[in-house]
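First residue of the sequence shown? That's 1 in my numbering, and the numbers climb one at a time after it.
Where hints are given, some of them may not hold.
Stated by the list, open to error - Per label pair, the in silico range of CB-to-CB distance: (1) A13 with T93: 22 to 32 angstroms; (2) S58 with S98: 36 to 46 angstroms; (3) H19 with T93: 39 to 49 angstroms.
Honestly, the hints are just simulated from the structure, not real lab data. Ideal placement from N, C-alpha and C gives every residue a C-beta, glycine not left out.
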Amino acid sequence: MIDVQSLVAATTAFIQENHTLAAPIVFGLAFGESLALISFFIPATVLLLAIGALVEASGLHFFPIWLAAATGAALGDTISYWFGFHYKDRAKTVWPLSRRPDLVTRTEDFFHRFGVWGVAIGRFFGPIRAVVPLVAGVLAMRQSHFQLANVASAALWAFAMLAPGAAAFKLLGF
Numbered sequence: 001m002i003d004v005q006s007l008v009a010a011t012t013a014f015i016q017e018n019h020t021l022a023a024p025i026v027f028g029l030a031f032g033e034s035l036a037l038i039s040f041f042i043p044a045t046v047l048l049l050a051i052g053a054l055v056e057a058s059g060l061h062f063f064p065i066w067l068a069a070a071t072g073a074a075l076g077d078t079i080s081y082w083f084g085f086h087y088k089d090r091a092k093t094v095w096p097l098s099r100r101p102d103l104v105t106r107t108e109d110f111f112h113r114f115g116v117w118g119v120a121i122g123r124f125f126g127p128i129r130a131v132v133p134l135v136a137g138v139l140a141m142r143q144s145h146f147q148l149a150n151v152a153s154a155a156l157w158a159f160a161m162l163a164p165g166a167a168a169f170k171l172l173g174f
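Make a model of the complete structure from these sequences and hints.
Rendered as structure tokens:
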């Protein structure tokens, strides 16, 4: 099992020592967090919140870090959508989804209830975040609708992950 505290400490220490790698690391974390099947193994939410505080503490510029997170999240969802669209119902039989058919069913119900808004809303709910684009592809949502919701919600999600840490660091006067 991953020791999240140690991982957060190691990641933030690495970024403090290697500022030029901050954006690529954030991109990778957001990409992994948004990629179906992989996201179950990456504690990116905690890391991104910590990196948000590190942005302010280390004098890094917020915009490139935010852009990297938004781009990584949107690309991860795009690949997940493609996987679902291409493989249809077979995508739901891949591990670990094959072991969690309830998660897929809940996500499908979510889409039937919210439609394209489900892409945007789903990004903010951890258990279904990475399954939403996969199911959108399986259900053959129009790609233009998917991408509009995907990119807009990725930008907002990235801000929501990074800004609280940066703001708290600044407000507390560290």
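Status of each hint after checking the structure:
no. : hint                             : in the structure
1   : A13 with T93: 22 to 32 angstroms : 40 angstroms, violated
2   : S58 with S98: 36 to 46 angstroms : 42 angstroms, holds
3   : H19 with T93: 39 to 49 angstroms : 43 angstroms, holds
Figure legend: structure checked against the earlier numbered hints; the only hint not met is number 1.
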